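Asker: Sequence:
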Amino acid sequence: MNNIYNVVAYLCSYIINTCEEVFFVHYSCISKSEKERTRNIIKEYLPQLFSSQEDQIVQLTKENLTDSFFEKLQALILKLTNTKDFFATTALIQTLDQALANLLLEKIGELEHDDFSTVLNTNRELTGVGLLPRCSCEWERKHRLSHCYNRMDNFLFNMLLMENSILGELIDKHFFLPKSLFPHFSKTKKLTIAATALRRERKFTGELYDKDTVQYFKIVYDTDGWQEDNQLVWNKIQEASLHQTDIIVFPEILGNPETVTFVQNKIQSLTEEEKQQLPSLIVLPSLWQNKQNTVTLLNKTGQIVYTQNKQNPFRIEHQGSGYLEGIIPSRVINILHFEGIGRIAILICKDFLTTKYMEQLMRCFKLTLILVPSFSTGSYDFRQTLDLCAHDDCNVVWINTCAAIEKGKEQNFEAIGAVRKRISRKDDESHTLCKMPPC
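Going by the working numbering, the sequence shown opens with residue 5, and the numbers climb by one from there.
In short, the hints are calculated from the structure, not lab data. Treat the numbers as computed from the prediction; the structure is a model and nothing was measured. Incorrect hints may have been included.
Cβ pair distances, simulated, as ranges [what the hints assert, rightly or not]:
no., residue 1, residue 2, range
1, A79, K177, 10 to 20 Å
2, T122, T275, 32 to 42 Å
3, G326, R387, 22 to 32 Å
4, E278, D119, 39 to 49 Å
Glycine included, every Cβ here is placed at the ideal spot set by N, Cα and C.
Based on the provided sequences and hints, a complete structural model is requested.
Answerer: Written out as structure tokens, the structure is:
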């Protein structure tokens with residue numbers, strides 16, 4: 005069977021690569037007569053896309069996607085491209101986006117059973133765009149970013165359009181979470197997230213070294229006290245479970261080589277009923293090892309959902325000289341998808357503060373929730389970046405650690421963490437930002 009998503013990807017690529025930005029501005033204000041003209045052209049070739057009485061778009065099924073349907077669709081596309089009818093081509097893309105809504109919801113159910121998901125279209129390399137079902141989000145506005153960016157995906161509501169030109173050298177991996185993962189959310193439409201600063205003590209040292217012409221630092225963990233530290237992590241997880249927490253987030257660097265296994269073993273020792281009380285997702289404290297700064301994400305059964313590496317190295321000052329965090333970026337970004345929540349990403353400390361990188365992910369994946377574990381000597385830069393995300397309908401949970409406080413710089417710790425969430429026009433503005441008090 006022909007791949008309908010390949011056709012949509014081709015059409016999107018055609019418009020993106022052919023039309024200037026002003027086209028999207030003009031199309032957003034299409035006249036009623038032009039809208040009727042474009043619809044009539046589509047109806048002439050594909051009348052089955054419209055109901056006979058109300059002229060509404062009909063939902064396609066797998067049975068509708070016959071060879072005859074694709075022949076007519078290809079004939080229509082040939083006509084539109086030969087005449088350079090960009091308005092009608094975009095209208096066709098919108099029509100297919102709406103007609104595929106039910107099939108895309110079915111696809112989400114299928115993708116929930118995969119370890120990770122690839123895009124729906126097989127011509128991504130050729131077209132430069134990838135398509136996935138777009139999970140809805142309770143707090144995301146329907147016309148999100150339409151006043152900020154003039155782009156093709158402003159006119160898509162059921163498909164997530166990802167442009168390779170925006171993604172750049174990054175490699176995206178996608179995980180569609182099962183509906184059963186957030187039982188409380190399905191009832192309340194609210195997500196409860198716990199964040200903990202964990203502890204005051206640093207159980208590691210930063211070693212400085214030179215390589216070629218650049219000065220670097222690396223993290224070297226103490227070799228004792230791991231059992232006690234990991235028990236503290238587990239205690240925090242259990243405490244979060246008492247409050248019916250959906251997600252718990254720990255800070256950066258405060259893990260150790262045994263943390264993941266320790267927590268997994270603790271989870272496996274529980275009964276099935278006890279496991280169900282745990283947070284659905286556990287963002288463990290990151291581990292600095294082998295030139296990687298890595299967060300491990302567990303689900304409530306102890307399985308590793310994915311590991312996320314830090315991409316942008318932090319820079320420190322020591323005795324008047326700069327030292328760069330000695331990590332090797334993996335270029336892999338993992339995106340979680342959940343119907344009603346949208347798209348979630350973990351950005352480790354400097355990844356969140358690197359505005360160009362953060363906005364690159366925001367634009368490419370239309371993120372709706374960012375989790376930010378950090379180890380930072382201050383809070384000012386994080387608070388500034390939080391507002392950028394709220395403007396894009398993206399909620400943020402940021403957590404720092406008391407272990408990052410430096411003597412003489414206590415005033416930098418106005419907050420140890422914060423939650424920035426988008427509110428509606430009717431809500432109290434004081435609810436947009438919730439700051440965690442310092443240690």
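Asker: Next step is simple, just say for each hint if it's right about the structure.
Answerer: Checked hints:
1. A79 with K177: 10 to 20 Å: violated, 37 Å
2. T122 with T275: 32 to 42 Å: For T275 against T122, whose Cβ atoms are near 36 Å apart, the range 32 to 42 Å holds.
3. G326 with R387: 22 to 32 Å: holds, 24 Å
4. E278 with D119: 39 to 49 Å: 25 Å Cβ-Cβ, so the 39 to 49 Å window is violated.
Hints 1 and 4, counting from the list given before, are not met by this structure.
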